[in-house]
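These protein sequence lines are chains A and B, in that order.
Numbered according to my numbering, the first sequence spans residues 1 to 219.
Numbered according to my numbering, the second sequence spans residues 1 to 76.
Check each hint, because a few of them may be wrong.
Stated by the list, open to error - Here's a subset of chain B near chain A, in silico, CB distances under 7 Å, partners left out:
#1 Met1
#2 Phe12
#3 Val26
#4 Glu27
#5 Val43
#6 Ser44
As the list claims (entries may be wrong) - Only some residues are given here: those of chain B computed to face chain A with a beta carbon under 10 Å:
#7 Phe8
#8 Glu9
#9 Gly13
#10 Asn14
#11 Gln15
#12 Val28
#13 Leu29
#14 Leu31
#15 Arg33
#16 Tyr34
#17 Ala41
#18 Gln47
#19 Asp52
#20 Ala53
Claimed, not checked - For each label pair, taking beta carbons as the anchor points, the in silico distance ranges come out as:
#21 B/Ala55 - A/Arg128: 44 to 54 Å
#22 B/Asp24 - A/Glu40: 42 to 52 Å
#23 A/Ser42 - B/Met1: 20 to 30 Å
Hint data in this document are derived by calculation from the structure and do not stem from the laboratory.
Glycine included, each C-beta is placed from N, C-alpha and C at the ideal position.
If you want the building blocks of each chain, they are given just below.
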Amino acid sequence: MEQLLIGLPDQILRDIQKGDEGCLKFIWSNTPAPRLREGETSSVYCAVSYGQFPIQLITENEEKGGVKDAGWYDIALVHPKLQQDGFGEQWNFRLLLEEGALPAQDLIETLLGQRVHGSRVFDVSKIRYPVEEVRAVIEVLYQGLSVDGSVQEVEDVSQRMLEDAAIIPMVAFHKMIKEISARQAAGGAGLVRGIPSGMGVPGFGGNGGPGRRNGGGMN
Amino acid sequence: MTIELQGFEAIFGNQVYGRARGEDLVEVLRLKRYTSPTEDAVVSYLQQKAPDALAASAVLIPGSSLQKEKVPWNNC
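Between the sequences and the hints, there should be enough to build the whole structure, so can you do that?
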């Protein structure tokens, strides 16, 4: 993230710093982060990613000292080669916390019974998900987090999520700069008027749209 | 306090839990909690980081600036 920022032209950094309107619009149009309506507060989630790995893979990586922290699992869960072989993350879900507490379990049970995959309080990464597997994990989770304050003990990755959301407009800035440089190198195609089309990262454009899950929703 | 998940072993407490599935597989649960980032939070974060990046870029990447007139939002 730091390198992406440092690599930006000073003019853009100054525009970000002072909140230049055009610059802000560019950021807004290139971030997956939603715009809150007036009076709306940020949603807080508890998320679970379910994955499968060959025991041998974990053992070998542990022996080599590669599994130092949870970060190894974050990478392994979304590793393309592992996923290609049917390992890594199988599905994930997230539950909307209300004042730090999980939603009522009977509500989630109702949603599971109706095979709902995307609702405000509960959504699963797959449209057709294995209901019984998800239900079993939810039951374990609710049991484990039934002690007062235990939800707050779950690792808070908000800062990482924020950084991930901020990287996308940074990448878009670099892409825009590259395009401008290419136009200039091609013989002075003239000044670019307005924000060039197609600058956004595919799938992440648009203002105020619903929040999107990122790599399993929790990276 | 380390969260306990019945039937799972804490690999990294409050973060990663696992249990054997058969002889060859491990099932893993990765737990996270987060506040969903918003547009305003992203802008605030970048505004907070920009001064340090400006200071660093002056040292590390001299002459990398685009001229003001080349920034598209100043040509609308």
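Hint by hint, here is what the structure shows:
| no. | hint | result |
| --- | --- | --- |
| 1 | Met1 | holds (5 Å) |
| 2 | Phe12 | holds (5 Å) |
| 3 | Val26 | holds (5 Å) |
| 4 | Glu27 | holds (6 Å) |
| 5 | Val43 | holds (6 Å) |
| 6 | Ser44 | violated (9 Å) |
| 7 | Phe8 | holds (7 Å) |
| 8 | Glu9 | violated (12 Å) |
| 9 | Gly13 | holds (9 Å) |
| 10 | Asn14 | holds (5 Å) |
| 11 | Gln15 | holds (4 Å) |
| 12 | Val28 | holds (5 Å) |
| 13 | Leu29 | holds (6 Å) |
| 14 | Leu31 | holds (5 Å) |
| 15 | Arg33 | holds (4 Å) |
| 16 | Tyr34 | holds (4 Å) |
| 17 | Ala41 | holds (6 Å) |
| 18 | Gln47 | holds (6 Å) |
| 19 | Asp52 | holds (8 Å) |
| 20 | Ala53 | holds (4 Å) |
| 21 | B/Ala55 - A/Arg128: 44 to 54 Å | holds (51 Å) |
| 22 | B/Asp24 - A/Glu40: 42 to 52 Å | holds (47 Å) |
| 23 | A/Ser42 - B/Met1: 20 to 30 Å | holds (25 Å) |
The structure is inconsistent with the numbered hints 6 and 8, although it conforms to all the rest.
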